[in-house]
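Engineer: The residues making up each chain are set out below.
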Amino acid sequence: MEEAAVVFYAGPFAITSIVITTWGIILLLGVFCWLATRQLSLEPGPLQTMLEGIILLIEESIEAVSPGYSQQMMPFIGTLWIYILIANLVGIVPELHSPTGNLSVTAGLALLVFLSVHWFGIRNEGAGYLKHYLSPSPILLPFHLISEVTRTIALAVRLFGNIMSLELVALLVLLVAGLLVPVPVLMLHIIEALVQAYIFGMLALIYVAGAMQSQQNVQGVS
Amino acid sequence: MTFDWTTFILEIINFLALVWILKHFLYQPILDIIARRRAGIEKTLTDAQQIKAEADELKQQHEKFLAEWEQEKERAQARLMAELAAMRENKLAELNDKINEEAERRKVLDERAKREFERRMEEQGIAQGIAFTTKLLFRLASPELEAALYALLLEDLHGLSKENKRVITEATVVPELQIKIQSAFPLDENKQNELTRYLSDVAGRMLPIEFQVNSDLIAGFQIVIGSWILHANLRDELKFFSGSLQHATAGS
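Chains A and B are the protein sequences, given in the same order.
One point on numbering: in this note's numbering, the residue at position 148 of the first sequence is 148, and numbering is uninterrupted.
One point on numbering: in this note's numbering, the residue at position 239 of the second sequence is 239, and numbering is uninterrupted.
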C-alpha cells in the first residue's frame, strides 16, 4: 500500500489525499442531509422513507444492545456506521482510496471510541464508573488497562487491515487478470465494506454499552 | 504502513464535525418527524379510542333505549290487546243484546202480525158467516117464520120487567109521540089490534100506533116508542150477533 499523497501544506501540517477524501465525504454527506431533510413531511416520499428506515434501523440496533440509550448514543454510533461504510465504499471509485485503509484514520476512530466509552460511562455512572476497573479485585486493574488498550488497537488494526488488504487484493487481481475478473472482487469489496462497518460500529456500541452498564455489573458481582 | 499524526488529528476533528453535522441535519430532523408522526398516530389512536368509547357508550345507550322501547312496545301492545279484548267483549255483549232485542221485537211483531192475521181471519170468517147467515135467513124468511117471531114478540112483551114497563109508560107521555111497529111482512088486523091493546094496557091509555112494512128486517118486528126500541127481527138480531162476535174477537 503506497503512502497517502500530500496534497498541500497548511503551515506545518501536511494535508494528505486521505484527509481531502474525508472532507469530500463530509461535504457530500452534509449537503445531502441538508437537502434531504429540508422539507420533511408527515407523508414521506421515497427518499424520506429510506432515510427514516436507516435511522430507525440504527435506533433499533442500539436499543437492542443498550435499551433506553438510543437517543444518547445514536449520533456517535450512527455516524461511525455511516462514515465507515461510505469510507470503505469510496475505494471502489477509481483514483480514490478508502480512508479506512489508512492506519492513521482507523487509529483516530479507535481513539474516539476509546474516549467515548469513558465519556458515556462517566456521564451516566458518574465517578463511580471507574470502580469497575477494580472489580472483581484490584489485582485485575492492570489487566483491565491492558484490555482497554489492546481492544482499541485491535479495533483500529482490524478495520485498517481488512480494508487495506481488500484494496490490495483488488489491485493485484486487476493487474494479473485484467478488467472483467475484478468485478466479483468488487462485489466482495461491497460486502466486506458493509461487514467491517457493521463490526466496527457494533463493537464500539458494545464497548460503550458495557461502560454505561459497568456499575450495574459491579453491583451484581459484589 | 506509516502513521501520520496530522491525518490522525484531522481525522478525529473531521469525524467529530461529521457527528455534529449528521446530528443536526440528519438524526434530529428525521427523529423529530418520526416523533411528530408517532404523536399524530398516537393522537389519532387516542381520538379513535375516544370515539370508539363514545360509540360504545352510544351503542349501549341505543341498545338500552331499544330494550326500553321494546318493553314499552310490549306493554303498549298488551294494553292495546286488553283494551281490544274488552271492547270486543262489550261490542259482543251489545250485539247480543241487540240481537236479543231484535229477536224479541221480531217475535212480538210476528205475534202481533199473527194475531192481526188471526183477527182478520176471524173477522173475515164472521163477515162471511154473517153474510152466509143473512143469505140463509133471507131465503128462510117467510110468513111462517114471521108468525113464529110474532109469538116470540108477544112472549117478550109479556115478559117485560117493571122497569121496562115504567120506561114505556114514561115514553108514551111525550106529546105527539109516534109509535112505530115495523114488520117484514104485512100484519093482519088481529095481530095489529092485539099489539095495540097490549101496549095501551102497558101505557094505561090508547096509543096511536103506526104499522109499517120493512122488508129489510128479513123477518120479525121492530117497535119504536120514543127512545125505547124493541127488536124482534132477524136483521137486528144478526147485527147484534155480528157486533157481539166482533167485540169478542177484538177483546181476545
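Simulated from the structure, these hints should not be mistaken for laboratory data.
Source: prediction; values computed, not measured.
Backbone N, C-alpha and C fix where the C-beta goes; we use that ideal spot for every residue, glycine too.
Certain hints may be false.
To be verified - Pair by pair, the computed Cβ-Cβ distance ranges are:
#1 B:THR46 with A:SER41: 21 to 27 Å
#2 A:ARG158 with B:ALA48: 49 to 55 Å
#3 B:ALA48 with A:GLY24: 46 to 52 Å
#4 B:ARG37 with A:ALA127: 23 to 29 Å
#5 A:GLU60 with B:LEU45: 41 to 47 Å
#6 A:VAL6 with B:ARG37: 44 to 50 Å
#7 A:LEU35 with B:ALA48: 31 to 37 Å
#8 A:ILE190 with B:THR2: 23 to 29 Å
#9 A:LEU35 with B:ARG37: 18 to 24 Å
#10 A:LEU35 with B:GLN61: 25 to 31 Å
#11 B:ALA48 with A:PRO138: 58 to 64 Å
#12 A:ALA127 with B:ILE51: 48 to 54 Å
#13 B:ARG37 with A:GLU148: 29 to 35 Å
As the list claims (entries may be wrong) - Coverage of chain B stretches by chain A, computed from C-beta distances (three or more under 8 Å per stretch; other residues unrestricted):
#14 7 to 18
#15 25 to 35
Engineer: Hints first: check each against the structure and report whether it holds.
Structural biologist: Evaluation of the provided hints:
1. Between THR46 of chain B and SER41 of chain A the C-beta distance comes to about 22 Å, which sits within the given range of 21 to 27 Å.
2. Remark: the range hint 49 to 55 Å for ARG158 of chain A to ALA48 of chain B is upheld by a beta-carbon distance near 51 Å.
3. Roughly 49 Å separates the CB atoms of ALA48 of chain B and GLY24 of chain A, a value that falls within the hinted 46 to 52 Å.
4. At about 40 Å, the CB distance of ARG37 of chain B to ALA127 of chain A disagrees with the hint of 23 to 29 Å.
5. Evaluation of the 41 to 47 Å hint for GLU60 of chain A and LEU45 of chain B yields a failure: the beta carbon distance comes to about 21 Å.
6. Under the hint 44 to 50 Å, the C-beta atoms of VAL6 of chain A and ARG37 of chain B, about 48 Å apart, fit the expected range.
7. A beta carbon spacing of about 36 Å between LEU35 of chain A and ALA48 of chain B agrees with the range 31 to 37 Å that was offered as a hint.
8. The given range of 23 to 29 Å is respected by ILE190 of chain A and THR2 of chain B, whose C-beta atoms sit roughly 28 Å from each other.
9. The hinted range of 18 to 24 Å is satisfied by LEU35 of chain A and ARG37 of chain B, whose Cβ atoms lie roughly 21 Å apart.
10. Between LEU35 of chain A and GLN61 of chain B, the C-beta spacing of about 55 Å breaks the proposed range 25 to 31 Å.
11. The hinted window of 58 to 64 Å between ALA48 of chain B and PRO138 of chain A holds, with their beta carbons roughly 59 Å apart.
12. Separated by about 53 Å at the C-beta atoms, ALA127 of chain A and ILE51 of chain B satisfy the suggested range of 48 to 54 Å.
13. Checked against the hint of 29 to 35 Å, the C-beta distance between ARG37 of chain B and GLU148 of chain A comes to roughly 41 Å, which is inconsistent with it.
14. Counting residues of the region 7 to 18 of chain B whose CB lies closer than 8 Å to any CB of chain A gives 11, so the stated coverage by that chain holds, three being the minimum.
15. For a cut-off of 8 Å, the count of residues in the region 25 to 35 of chain B with a CB near a CB of chain A stands at 9, and the three-residue condition holds.
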